[in-house]
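Asker: Single-letter residue listing:
2 protein chains.
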Amino acid sequence: MSRDLAAFFDANAARVRDELFDFLRIPSVSARSEHDADTRRAAAWLQGALETVGLRAETIDTPGHPIVLGERREAGAGKPTLLIYGHYDVQPAEPLELWDSPAFEPTIRDGNVYARGSVDDKGQLFLHVKALEAHLKVRGTLPVNVIVLAEGEEEVGSVNLEAFIEANRERLACDAVVISDSAMFAKGIPSILSSLRGMAYFQIDVQGPAGDLHSGSYGGAVVNPAMALARILATMHDETGKVAIPGFYDDVRPFPDAVRAQMRGLPFDEEHFRAETGAPALGGETGYTVLERLWTRPTCEVNGLLSGYTGEGAKTVLPAKAMAKVSCRLVPDQDPKRIEALMQAHVARVAPAGVTVTATHLHGGRPWRADLGGPLFDAAKVALAEVFGREPVVTGEGGSIPVVGDFERVLGAPVLLVGFGLPGENAHAPNEWMSLENYDKGMRAMARLYDVYGGSR
Amino acid sequence: MSRDLAAFFDANAARVRDELFDFLRIPSVSARSEHDADTRRAAAWLQGALETVGLRAETIDTPGHPIVLGERREAGAGKPTLLIYGHYDVQPAEPLELWDSPAFEPTIRDGNVYARGSVDDKGQLFLHVKALEAHLKVRGTLPVNVIVLAEGEEEVGSVNLEAFIEANRERLACDAVVISDSAMFAKGIPSILSSLRGMAYFQIDVQGPAGDLHSGSYGGAVVNPAMALARILATMHDETGKVAIPGFYDDVRPFPDAVRAQMRGLPFDEEHFRAETGAPALGGETGYTVLERLWTRPTCEVNGLLSGYTGEGAKTVLPAKAMAKVSCRLVPDQDPKRIEALMQAHVARVAPAGVTVTATHLHGGRPWRADLGGPLFDAAKVALAEVFGREPVVTGEGGSIPVVGDFERVLGAPVLLVGFGLPGENAHAPNEWMSLENYDKGMRAMARLYDVYGGSR
Chain A
228 MSRDLAAFFD
238 ANAARVRDEL
248 FDFLRIPSVS
258 ARSEHDADTR
268 RAAAWLQGAL
278 ETVGLRAETI
288 DTPGHPIVLG
298 ERREAGAGKP
308 TLLIYGHYDV
318 QPAEPLELWD
328 SPAFEPTIRD
338 GNVYARGSVD
348 DKGQLFLHVK
358 ALEAHLKVRG
368 TLPVNVIVLA
378 EGEEEVGSVN
388 LEAFIEANRE
398 RLACDAVVIS
408 DSAMFAKGIP
418 SILSSLRGMA
428 YFQIDVQGPA
438 GDLHSGSYGG
448 AVVNPAMALA
458 RILATMHDET
468 GKVAIPGFYD
478 DVRPFPDAVR
488 AQMRGLPFDE
498 EHFRAETGAP
508 ALGGETGYTV
518 LERLWTRPTC
528 EVNGLLSGYT
538 GEGAKTVLPA
548 KAMAKVSCRL
558 VPDQDPKRIE
568 ALMQAHVARV
578 APAGVTVTAT
588 HLHGGRPWRA
598 DLGGPLFDAA
608 KVALAEVFGR
618 EPVVTGEGGS
628 IPVVGDFERV
638 LGAPVLLVGF
648 GLPGENAHAP
658 NEWMSLENYD
668 KGMRAMARLY
678 DVYGGSR
Chain B
228 MSRDLAAFFD
238 ANAARVRDEL
248 FDFLRIPSVS
258 ARSEHDADTR
268 RAAAWLQGAL
278 ETVGLRAETI
288 DTPGHPIVLG
298 ERREAGAGKP
308 TLLIYGHYDV
318 QPAEPLELWD
328 SPAFEPTIRD
338 GNVYARGSVD
348 DKGQLFLHVK
358 ALEAHLKVRG
368 TLPVNVIVLA
378 EGEEEVGSVN
388 LEAFIEANRE
398 RLACDAVVIS
408 DSAMFAKGIP
418 SILSSLRGMA
428 YFQIDVQGPA
438 GDLHSGSYGG
448 AVVNPAMALA
458 RILATMHDET
468 GKVAIPGFYD
478 DVRPFPDAVR
488 AQMRGLPFDE
498 EHFRAETGAP
508 ALGGETGYTV
518 LERLWTRPTC
528 EVNGLLSGYT
538 GEGAKTVLPA
548 KAMAKVSCRL
558 VPDQDPKRIE
568 ALMQAHVARV
578 APAGVTVTAT
588 HLHGGRPWRA
598 DLGGPLFDAA
608 KVALAEVFGR
618 EPVVTGEGGS
628 IPVVGDFERV
638 LGAPVLLVGF
648 GLPGENAHAP
658 NEWMSLENYD
668 KGMRAMARLY
678 DVYGGSR
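Those sequence lines, one after another, are chains A and B. As numbered in the numbering used here, residues 228 to 684 make up the first sequence, in order. As numbered in the numbering used here, residues 228 to 684 make up the second sequence, in order.
One should not assume that every hint holds.
A pair counts as met if it fits within one copy or between any two copies, since identical chains are not told apart.
Here are the simulated SDA-like pairs of lysine to any residue, each with C-alpha atoms no more than 25 Å apart in a straight line [said to hold, decoys possible]:
{"id": "1", "residue 1": "LYS548", "residue 2": "ARG398"}
{"id": "2", "residue 1": "LYS564", "residue 2": "VAL609"}
{"id": "3", "residue 1": "LYS306", "residue 2": "ALA233"}
{"id": "4", "residue 1": "LYS469", "residue 2": "PRO579"}
{"id": "5", "residue 1": "LYS608", "residue 2": "MET228"}
{"id": "6", "residue 1": "LYS548", "residue 2": "THR513"}
{"id": "7", "residue 1": "LYS364", "residue 2": "ASP496"}
{"id": "8", "residue 1": "LYS414", "residue 2": "PHE615"}
{"id": "9", "residue 1": "LYS548", "residue 2": "ILE287"}
{"id": "10", "residue 1": "LYS608", "residue 2": "ALA437"}
{"id": "11", "residue 1": "LYS414", "residue 2": "TRP272"}
{"id": "12", "residue 1": "LYS469", "residue 2": "ALA578"}
{"id": "13", "residue 1": "LYS548", "residue 2": "ASP560"}
{"id": "14", "residue 1": "LYS564", "residue 2": "HIS588"}
{"id": "15", "residue 1": "LYS548", "residue 2": "THR467"}
{"id": "16", "residue 1": "LYS306", "residue 2": "ALA241"}
{"id": "17", "residue 1": "LYS364", "residue 2": "HIS590"}
The hints are simulated quantities; they were obtained by calculation from the structure and are not laboratory data. If you're wondering where the values come from, they're calculated on a predicted model, not measured in any experiment.
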């Protein structure tokens, strides 16, 4: 990359790290109403950071958590406009007792910063802010017109973002979108994501008797809601690991052979992956490799279970109710609305008499697949190769960024997903971390990306 | 009943109620270690109450919660010795928010006292203490030799009682045992219990990955412990409601036709029972009436479920582990040790690869069936008929009192189960209550029982 920008990053490494740590200290947990004030504080903090760098910024209310918008459009009429998207909200940190250092006190160990939100997504969002700062501090100008759009509801399904984009489609008009909210294939291997799974997230509630009953006095004659829930969940897969909800695969479009071949060519060690999870063995749908299961196949998972007595010792209760959080990861062209209807029909069909069962759709997002080409894609290949010293690989991703499809559809702009996380970084789990080397290289690569993309026309 | 005892109960009704309320205020939750001091305090309180009445009493340590033993053996050599058993420990009170008045602050509504332990078993234990007091205050003597044995571990499986009885079989030698820890068939219908179900209580733990994982990044390739648990639990019944653990019914001895005929003759309204539970419909094993399912058939129930994220909103976690509390109610001649072996073999057989599953036996108790005869049984029929104004019925009971079989086996004495609870009394659930009318009539009936039994030889 150009020497002037590199010198800036060399000179400011400690400061840009400290600023990120201030951002990470704000517990902006969007799913928890007791953190609403913290979430708003994170938005205000980010607005201030954008203004300090030299962008015009504002915090815009939504029916939920606010959106922070930063803009600088002085690159010139012939220059492209790039929209940088990220999110400042984070997952809940529970179970807190499993964190080795406090979730909201950034702590460096082994070259990584441990904190909730470090890699998902504050660190990856903020590295763009600092890349913009490098340009503005060193040269006083940006090589592209820039819109920074950061939301506070990504971890709860981006429920207000689509409407915001729709309502502001002229203000948000751009030539391309870049998002850093994903992981590299492996340490040292820069990566561009070609696909994301979508999401349909449900809460299943089973209500039996009006109150908890004595399992001796009533057991055997009253349907047990926890057992009913288990039997309902057990109908959701067949013996080969396929999801057994009728119609579930109707809209699945197979991945092109070329993409599957490229995936099979990646240096992936399934045993290493297994060891990293700590699971005694891997599992999943028969007939697919691990990477294919993660990147190209839909799932149905239990994310949580709760019923009856869960404390120390024994309590002989027949619980009044049982609850499961169940989410399906979706692949093109599955539609979360249709999956919602299929799930609800399935649950209604298999629910036993004696209990009342509801499946409430909490949120959903469409799956996505990229066109692998265009000026921003080409610029990313150049920038990543320069900073990381090797060509990027094209990968898939099992997680969801529900708004990617919305950006393409509403703004008509291609989306580039270039992330700087690493495998095993514990996003959504205790001890989330981000590599500080990747934080640094990510800033440099994105600063270079703006240059190359700005020079492309 | 005799006029002198009746006058005592008339004159002391308020006091004996207040004393019970003091007993109920002690949160002697044996399952929770944070209540160990309270449990010990309840033992000391009971010892004091026995001494005040005129028994020699002591509190005897065990490896768990102590046993309170009261004795008075001055009725004369020709008189029988009666052992009165009860328990001073109570179930956990959670979920606290579902109580209409505090669990450990006895509150009278509609002629009932609401408190954890009111009917199970402090109220039913203490009415014997007050019946003994009536005899000693009015006449200065007892018509029978009496041993009062109260334990503090009934709600956690009476883990130390059997060894205590074995070690003290000479001191505890008696002609019969009476236990009041059960319910009458209906209000106004005095009842003698002829059978109890036993118990085998398990905790099933499923461990998958070492820590919680992101369900997007790992879902589909790592076996989900919560889904694995659901599939394991779903194997425990067949479509007819029978327990599907191989060998489970091998030792079930059918109830005699005469007993089943008597049960079918009881005035039982299944729709009323359903309405009382609040369940939309009843369920259970096909081919049996509700009372037969409750009294004569074994079960396998889920008492609790816990896995992953159970809070507000959505968290896309693939949980590291999942837990179920599972208990089987047993009928003669099922043996909890054999059921433990069958459960563990079954779980090992159905557990999928990719997770580690354990079924830990937390506690067990043998089922029991009475011989319906003998001097104490006959005395009970007389005393109950006199006080309640109608002949008692003989019932079964779906719950467990694991030590009943131990008393018969070790002491060689028949056990009489005569209880004063009522249907719907919420034992083991929020808003547990006991009828104050039954508390009063229970005292009178037991005082009369001692008289009749003492005159029987």
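Asker: Tell me the hint numbers this structure goes against, listed in increasing order.
Answerer: Going through the list in order, the structure violates hints 1, 2, 7, 9, 10, 11, 13, 16, 17 and respects the others.
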